[in-house]
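A.B. asks: Each chain, written out:
There are 2 protein chains.
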Amino acid sequence: MDQALTGTFELQKQAGQARAARLKTARGWLQTPVFMPVGTKATVKGMLPEELRELGAQIVLGNTYHLHLRPGEETIQRLGGLHKFMNWPHPILTDSGGFQVFSLSQLTKVKEEGVEFRSHLDGGKHFLSPETSMQIQMALGADIIMAFDECLKYPATDDEIKTSMDMTHRWLIRSKNTMTRQESLLFGIVQGGLEFALRRTSLEQITSVDLPGYALGGFSVGEPIELMHKLVQEVAPLMPQHKPRYLMGVGTPLDLVLAVDAGMDMFDCVMPTRVARNGTLFTWHGRVSIKRTEFKEDANPLDPECSCYTCQNYSRAYLRHLFMSGEILSARLNTIHNLHFYLTLMNRMREAILENRWETFRNHCLTRFVN
Amino acid sequence: MDQALTGTFELQKQAGQARAARLKTARGWLQTPVFMPVGTKATVKGMLPEELRELGAQIVLGNTYHLHLRPGEETIQRLGGLHKFMNWPHPILTDSGGFQVFSLSQLTKVKEEGVEFRSHLDGGKHFLSPETSMQIQMALGADIIMAFDECLKYPATDDEIKTSMDMTHRWLIRSKNTMTRQESLLFGIVQGGLEFALRRTSLEQITSVDLPGYALGGFSVGEPIELMHKLVQEVAPLMPQHKPRYLMGVGTPLDLVLAVDAGMDMFDCVMPTRVARNGTLFTWHGRVSIKRTEFKEDANPLDPECSCYTCQNYSRAYLRHLFMSGEILSARLNTIHNLHFYLTLMNRMREAILENRWETFRNHCLTRFVN
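Protein chains in written order, with this note's numbering: chain A, 136 to 506; chain B, 136 to 506.
Bear in mind the hints are in silico, worked out from the structure with no lab data behind them. We treat Cβ as the ideally placed atom computed from N, Cα and C, and that holds for glycine. Treat the hints with care, as some may be off.
Unchecked claim - Quick list of simulated restraints, FRET-style, between CB atoms:
id: 1; chain 1: B; residue 1: Q152; chain 2: A; residue 2: R409; range: 28 to 38 Å
id: 2; chain 1: A; residue 1: N448; chain 2: B; residue 2: Q138; range: 29 to 39 Å
id: 3; chain 1: A; residue 1: S442; chain 2: B; residue 2: G191; range: 27 to 37 Å
id: 4; chain 1: A; residue 1: A434; chain 2: B; residue 2: R305; range: 33 to 43 Å
id: 5; chain 1: A; residue 1: E440; chain 2: B; residue 2: F262; range: 40 to 50 Å
Construct all of the structure, not just a fragment, from the sequences and the given hints.
C.D. replies: Structure (structure tokens):
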């Protein structure tokens with residue numbers, strides 16, 4: 136029998152900074168590096184849970200902000216929790232709601248106590264704080280819960296960043312003090328903008344609180360991508376070695392390879408699912424827009440190297456036709472392909488690390504992927 | 136080995152006018168009564184072919200008008216035909232394009248030669264005639280091909296109807312003369328408006344041409360539903376006994392039961408798929424709008440009697456949430472349920488006829504379904 140405690144994190148292999156590891160959640164082990172498909176509103180857009188599982192998804196992400204507004208965490212709790220609600224019996228990570236409060240809602244007022252905001256749906260007043268965010272995430276029944284943090288807009292001054300990350304630190308302590316759900320793992324979020332010195336200070340603040348995992352937040356806010364790469368490369372190795380490291384909201388295949396190379400373990404991003412719906416598909420030879428006129432009568436699969444259901448059963452011509460016709464099946468087949476690509480990429484990275492050929496595989500990816 | 140010729144129609148059992156039968160197509164037998172899900176643009180909206188098959192779909196319908204405009208029948212032909220294009224290796228029926236020319240396109244000019252119209256997509260000029268409609272349907276590779284007919288708007292005068300149905304008769308002869316594809320079965324379409332006398336005349340005209348099947352067209356154009364019921368009841372028994380009888384574009388569960396009772400065998404309708412996307416679901420206790428506020432925290436399946444994937448795995452509350460959130464999965468789960476309902480209804484009608492309990496089953500349905 137598997138006796139490991141929830142939260143156990145085992146490093147299995149290291150190659151430079153890159154790591155293969157596993158994390159025990161209340162609903163089983165996660166093999167890392169791991170990509171978490173985003174299920175914002177209790178569904179990964181267009182996909183059935185069984186399909187996600189078949190593609191190799193180990194864990195999905197749910198959004199606290201969206202689920203709080205609709206249908207509400209109390210409703211989901213009364214219905215048996217988020218896992219049961221969305222028919223996904225495997226691990227779920229919920230974010231804190233912070234990122235969406237700052238990016239989606241209006242008339243946001245930030246105070247030490249928390250954040251007052253108006254719903255982007257109906258303008259209704261809401262309040263999120265470390266305490267309410269934890270309560271919502273516990274009510275949802277998430278296996279991994281993110282501390283409530285402030286996400287600053289980019290660019291911000293050093294003073295703004297310092298003031299904000301100090302509050303994020305105090306909010307983390309309040310988040311931890313509110314956490315009463317034994318089965319859930321609380322992760323803290325390092326902020327600190329895009330300069331190494333401030334990031335390091337935030338890292339020290341956040342890791343001074345003992346937690347089962349730590350994340351880097353505050354990216355994907357419009358900063359130059361090279362800045363993010365550089366900072367992750369500098370900061371990741373300073374994060375606790377024996378805890379999972381989660382890079383929030385990132386990124387492209389190239390971003391993922393570079394971040395794994397820097398020592399990050401966990402990732403989430405709407406990119407594969409969102410761009411799929413816009414007709415952009417990932418292949419080992421780069422991104423492809425399915426709209427291209429040259430595909431009109433192309434009988435080949437999108438990616439002849441790909442073993443996904445879409446590539447095994449449909450031509451580029453059919454995928455183009457579905458997209459041009461605005462058919463729901465276009466979103467489905469494209470999403471299947473892109474998630475298959477991301478999840479396969481993560482698997483291959485993990486295998487390469489475990490089989491002592493990380494550097495070769497990484498270099499292979501770096502010659503093929505461009506941002 | 137199954138030696139029956141394509142087009143063979145075997146009556147298996149009759150109960151009053153209701154019939155259980157089977158029709159041999161180039162891609163296997165159809166067990167009737169049969170409902171054909173509508174795959175307008177080479178996809179039944181939101182569904183994979185494997186899912187349709189699992190739900191019990193025997194045959195799907197493709198729309199000549201839409202496929203001619205996009206991606207074009209020549210493209211589909213060069214890609215190996217419609218079956219291969221959409222990954223559906225089972226029978227396909229295509230309509231003639233007539234209905235859409237009259238309902239969707241603009242600046243339509245009807246002449247003896249054919250119909251000139253402008254595409255509803257880009258305003259481009261197109262021409263459909265008995266000859267071009269047959270050529271398109273043959274290029275698509277349909278197993279059942281519909282003759283090109285004129286669909287009059289409702290209401291129309293007797294003179295308009297007479298003139299139109301005479302032309303439909305001449306167009307049928309031209310359709311038949313153009314048909315060179317041995318594997319495809321050509322069905323003629325009876326028009327004649329909503330008066331019995333004219334319908335009977337059209338029926339005589341159309342059935343004077345020897346064909347493997349006959350259809351009733353010109354319904355679902357805005358006429359009072361009782362008129363349609365009455366007319367089908369009067370006309371169906373006059374249609375050739377040993378040929379399949381297809382009621383085009385109809386209808387609700389009640390319509391289907393009444394039409395089977397009148398002696399019709401084949402049906403297609405966008406209703407189960409279209410209303411699914413609008414949140415209306417069919418159950419054995421009537422139609423249900425999934426939006427209803429009372430479902431907000433309802434943990435029950437939509438229909439506790441239903442064995443479909445949706446009802447087996449999701450609550451009313453979740454279905455409502457997906458619909459209110461405009462999620463793709465809402466369309467998928469609702470479509471699965473509605474098609475399961477329609478296909479199960481057809482199966483049960485067939486079984487009831489075969490098992491000598493048609494009248495009981497029909498009456499059971501009539502007490503439960505309302506239009």
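A.B. asks: Hints numbered earlier in the text: which of these fail when held up against the supplied structure?
C.D. replies: Violated hint: only 1; rest satisfied.
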